[in-house]
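Chains R and C, in that order, give the protein sequences. In this text, residue positions in the first sequence follow the working numbering: the first is 785, and each later residue adds one. In this text, residue positions in the second sequence follow the working numbering: the first is 26, and each later residue adds one.
By construction, these hints were calculated from the structure, which means they are not laboratory data. None of the values given here were measured: they were computed from a predicted structure. Glycine is no exception: its CB is placed at the ideal position from the N, C-alpha and C atoms. Each hint should be verified, as a subset may be incorrect.
[Said to hold, decoys possible] Straight-line Cα separation of at most 25 Å, DSS-like style, residue types lysine-lysine; simulated pairs:
#, chain 1, residue 1, chain 2, residue 2
1, C, K42, C, K29
2, C, K193, R, K1068
3, C, K42, C, K193
4, R, K1123, C, K322
5, C, K96, C, K136
6, C, K249, C, K193
7, R, K793, R, K1001
8, R, K1123, C, K161
9, C, K278, C, K249
[Claimed, not checked] Chain R residues, not near chain C, derived (Cβ > 10 Å throughout):
#, residue
10, N801
11, A804
12, A809
13, T855
14, F876
15, L894
16, R905
17, L913
18, A949
19, N960
20, P1081
21, P1086
22, P1110
23, D1112
24, E1163
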Amino acid sequence: MPESDSAAKQLAWHYENPMAQAIAAHRAGIPVVALTSNTIPWELIQAAGLFPVMLRPARRATPAADEYMETDVFQARIRQIFESAVSGEWSFLSAIILSRTSEQEYKLFLYLREVARESPREGMPPVYLYDLMHSQSAETRAYGISRTEELKHQLEAIAGRRIDASDLAQAIAESNAARAAVRRLLALRQDAVRLAGTEALPLVGAYWFMARPEYAKLATEAADIIRQRQTLQGVRLIVKGAPLDHVQLHAVLESHGAIVVAEDDWWGTRSVGSDIEASGDPVKAIFEHYYRDAPSPRVFPPGAADRWFESRVREGVDGVVFYLPPEDSVLGWDFPRQKHFLDGLHIPSLVVEEDPCAGGPGPELHASIARFVNAIAAER
Amino acid sequence: MPEKQLQSTVLAGAYQKEWFAQLRRDVFDSHRPYAILQADMPFELFEVMGLPAVSNQWWSAVIAAKRLAPKYLDAMNAMGFHDGLCRYCSLSMACTLTGSPDDAPWGGLPKPALLSARLTCDCIQRVFSMWAEAFKTEFFALDNPGPTVMPPRWWELSRHRWRELFEKHRLDLTVAQFRVLIGVLERVTGRRFDTEALRSLMEGVNRQEEYFEEVRDLICNAPKTPVRMNEQITNVMAAQWVRGSGWAIQHAKTFRDEVRSRVEAGVAACPGERRRLMWVGAGLWHDTDFYTAFEQKYGAVFVWSMYLAFGPDGYIRYGLEDPLEALASRTVSMNEQLHLPPWANEWIVDQAKRHRIDGALVLTPLGTRSSAAGNRFIERALERAGIPVLPIRADMVDARSWNAAEMIRRVGRFIEERL
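I would like the entire structure built from these sequences, with the hints used as guidance.
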């Protein structure tokens, strides 16, 4: 990564090379622990002196996953994680932590553990489950605090050292600083929009792959530069549905005169949420953040799951694109309710079912998006 | 529809139909409350509180058996729910949302006082929330903690060492949630929960499942199976939905007695039995005739499904000092035990060996995709154990893509070529 590149270019590079810093950390003797989703406490891993990195494997053939994983059951990203984990590609990882906040990840945890039991493969990292419930009740909250303490103990065992209060305070501070930097970028997508979605997603997404102090510095620099730009004009859209860790759909939308101003998923606008409380019991504060403020398919009740979306829509948007690719078997349940909400506000919406990564966006996708965007533009 | 060979089966079917008719009379005429539950819920709490409970999956199966599923599922698609969403657990809701009392089986489900489900998958909270909204009633969710320790041969520990098998932190959460649920049930029924009544009911469940275990052993050991899989399911599930009740225990005993008499008299369900098949997965409710289609030509008889076999291994709990905790242990891992590695594959292979299975058909549900999880591990484990497997891609309740003649040909080829 050339040092002379702009902050934005450096962030985008890390987004495209998500394991770069993790591998460097490993070579420097720092154990690397991987996360599979946004609901796993980065701060605890960091506080243990480990290097946390989000898993974002590239799309490629999955012969091992094809052997063990049923067709049409698992999302492409989950299959890719399985493939890379069992193939030995991630032998440098000291552990992979998976979360209970999606059924797919929970089953991935069981599958990986079973492969390790049934036919151990060289270079397969050990796996741990962070059993976070996302239904909101006093019982699941108490359980979540105890499981977060348990995760802390597991991380201490991996690191071979205790996590003390100052470790936690520092990790929380670093993480909150990176969150603040992400929010600076996100502010450039609100009101006077200066940052298109296609560019924003990599800049925000690098948050998951980098040391957070470095990320905070680069993201702040990038935001300061982008703030000098002219505002962008176009049909302002929210993308909602299956989490998007790639820019292909954004690119198609923005090629037709739209600007994606937000995503209702954890790779984009909702990646960081609010800050973690720096006062009080730090483990509880970390837990509360991931329990209350991190999106997942298991947030319950529906009012809690819809709160952010409804609030963001009311702040002002021209249209909503629901991304429900063929692999979706969950979020489609929410669509009629959410469309009904939009219809009540006279906000147009479009369902995209085509996976733009599967063979590239086709002419039908382009045509439907063009019609949708043009119709909104004509009404404005 | 093949003839019912056992008198118990006739009794079980009649009981269920009358139970439901009585439920409708109680609800409509006497305004008594009832509940709709996901199949893996602790029905025992509802039984002990005197709140009748209808299983979501049972009602789905009834709809499917009456060939009404395509109509309701098409209507759901027209409402904006895409075709890739789960059908088995949502068909009953679809009947409520899109059907009418005129076309629903037996006049349809009346308004319940409560809906309740365990949040095993990511869909069920959505389905039950919408369903509760449609009924304008309450939904109570039990969240589902994951295991950290999973000794493969769980069935050797589940009866006596269940505290250690299912882990204290999981049991504690489940009991805590049960206590909240009990509060809801007390409010709905106006009754007080009685721990002793639950203990007594749990003892009754043990007796019931011990009878089922005897039936399972008779099937394992008899030269030819005395009871077809279809009839096993009818007898077992009629009792399981009201498990521990006087009727359920008595019916389990009646069923055991009849099966034992048949074995002693040398009566086989299929006198020409030459091959024993197992069905892995939920039932093919829209075409249960499929299960007897291979008897005449091939002497191939389905002898095993999870419905009977899981009763003794999954339900019996000894040591009922704290019946709520024992119930939590029965509830907390049903999904893992029946479907997910390592528990499902290890158990099913063990069952296959004990039942002298020659070949297995493993259902990959087309319209309930998440239910297919774990199948590859099961298929691989069976093949490794020397038991040929035929994966079946079909839906439990949706007949829209089912081609019975083609499927019978496929299974025929499997029998000819691999068994």
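Hint by hint, here is what the structure shows:
{"no.": "1", "hint": "C:K42 - C:K29", "in the structure": "holds (16 Å)"}
{"no.": "2", "hint": "C:K193 - R:K1068", "in the structure": "holds (21 Å)"}
{"no.": "3", "hint": "C:K42 - C:K193", "in the structure": "violated (40 Å)"}
{"no.": "4", "hint": "R:K1123 - C:K322", "in the structure": "violated (53 Å)"}
{"no.": "5", "hint": "C:K96 - C:K136", "in the structure": "holds (21 Å)"}
{"no.": "6", "hint": "C:K249 - C:K193", "in the structure": "violated (43 Å)"}
{"no.": "7", "hint": "R:K793 - R:K1001", "in the structure": "holds (13 Å)"}
{"no.": "8", "hint": "R:K1123 - C:K161", "in the structure": "holds (21 Å)"}
{"no.": "9", "hint": "C:K278 - C:K249", "in the structure": "holds (21 Å)"}
{"no.": "10", "hint": "N801", "in the structure": "holds (31 Å)"}
{"no.": "11", "hint": "A804", "in the structure": "holds (32 Å)"}
{"no.": "12", "hint": "A809", "in the structure": "holds (27 Å)"}
{"no.": "13", "hint": "T855", "in the structure": "violated (8 Å)"}
{"no.": "14", "hint": "F876", "in the structure": "holds (25 Å)"}
{"no.": "15", "hint": "L894", "in the structure": "violated (5 Å)"}
{"no.": "16", "hint": "R905", "in the structure": "holds (15 Å)"}
{"no.": "17", "hint": "L913", "in the structure": "violated (5 Å)"}
{"no.": "18", "hint": "A949", "in the structure": "holds (24 Å)"}
{"no.": "19", "hint": "N960", "in the structure": "holds (29 Å)"}
{"no.": "20", "hint": "P1081", "in the structure": "violated (4 Å)"}
{"no.": "21", "hint": "P1086", "in the structure": "violated (5 Å)"}
{"no.": "22", "hint": "P1110", "in the structure": "violated (6 Å)"}
{"no.": "23", "hint": "D1112", "in the structure": "violated (6 Å)"}
{"no.": "24", "hint": "E1163", "in the structure": "holds (22 Å)"}
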